Amino acid sequence: MTAISFAIVLIALIGHVAGELVLKKAMDASNSAGFRSRRFVVPFSAGILLMTVQFFLGLGLLQRYDLSFIYPFQGLSVILITIAAAVLLREKLTLQLILGSALISVGVVLVSTS
Amino acid sequence: MQSKPTGFTNPWLHLGLSIAFVTIYEVLLKLGAAETAHLSDRWSWTGLTGLASPYVWVAIVFVILSLITWLHVLRHIPLSIAFPISQVVHALVPLGSWLVLGESITSLRGCGIGLVLFGLAVVAKPVARFEERL
Chain A
1 MTAISFAIVL IALIGHVAGE LVLKKAMDAS NSAGFRSRRF VVPFSAGILL
51 MTVQFFLGLG LLQRYDLSFI YPFQGLSVIL ITIAAAVLLR EKLTLQLILG
101 SALISVGVVL VSTS
Chain B
1 MQSKPTGFTN PWLHLGLSIA FVTIYEVLLK LGAAETAHLS DRWSWTGLTG
51 LASPYVWVAI VFVILSLITW LHVLRHIPLS IAFPISQVVH ALVPLGSWLV
101 LGESITSLRG CGIGLVLFGL AVVAKPVARF EERL
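Sequence order for the protein chains is A and B.
Numbering follows our numbering, in which position 26 of the first sequence is assigned residue number 26; successive positions increment by one, without gaps.
Numbering follows our numbering, in which position 25 of the second sequence is assigned residue number 25; successive positions increment by one, without gaps.
Just so you know, the hints here were simulated from the structure itself, not pulled from any lab data.
Since the structure is predicted, the reported quantities are computational estimates derived from the model, not experimental observations.
It is possible that part of the hints are untrue.
[As the list claims (entries may be wrong)] Below, in silico cross-link-like pairs of lysine to aspartate or glutamate (EDC-like), each with a Cα-Cα straight-line distance of 20 Å or less:
hint: 1; chain 1: A; residue 1: 92; chain 2: B; residue 2: 132
hint: 2; chain 1: B; residue 1: 30; chain 2: B; residue 2: 103
hint: 3; chain 1: A; residue 1: 92; chain 2: A; residue 2: 28
hint: 4; chain 1: B; residue 1: 125; chain 2: A; residue 2: 91
Generate coordinates for the entire structure from the input sequences, incorporating the hints supplied.
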């Protein structure tokens, strides 16, 4: 794996995590402020943009590497998104949620690397 | 908090649909990526050369469907609960490949599938508590 591929993997991962977070923020705003509010439109557009970028970067990686090489990085997104949702969106985390997410992360990495 | 959505607007139904759509598009994308892997060295890092494959276009339809159902999920369920559950695709894809395509599952991969399912069982308890509050 070259340095540029590694950078693209990282950018795709960060794009995925950030995309999920702003989309969640947008949908929460849609509940309280409706679909025409700036509080919905701005994070929603940012989320769609981030998801589109990480989609094509991921497709580019799929062309070059096996699925099994790319997917362990997706496993990381489970635990990253769960923690980021707690820290940035103030969602309530329980010990079980953290433990379950960590187990799923390890499971995804094992499925991908084997 | 709005009233609990039922019937077709039930967010848990949409979570299931979203998971099914993701499973379908992941297989389609791999087929499309394999087909277009050597089209252009210069542009392949962007992934845009994948658009030459019809598989990728059908996959994009499923990506959009999964996004629409996922957005409905996000309106009602916390991200820290919905996202871990959505990762069941990582157990479903190898199980589906085993059942439908006859691919083998190594013991290590079997352990990984077991861990994902065990993790889901652990997550299920906070889900039950969240449902009570809804």
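Status of the hints after comparison with the structure:
With a C-alpha separation of about 15 Å, the suggested pairing of residue 92 of chain A with residue 132 of chain B holds against the 20 Å cut-off. The suggested pairing of residue 30 of chain B with residue 103 of chain B holds, with an alpha-carbon distance near 15 Å, which does not exceed 20 Å. For the hint pairing residue 92 of chain A with residue 28 of chain A, the CA-to-CA distance comes to about 15 Å; that is within 20 Å, so the pair holds. Between the alpha carbons of residue 125 of chain B and residue 91 of chain A the distance comes to roughly 16 Å, so the proposed pair stays at or under 20 Å and holds.
Comparing the model with each earlier hint shows no violations; every hint is respected.
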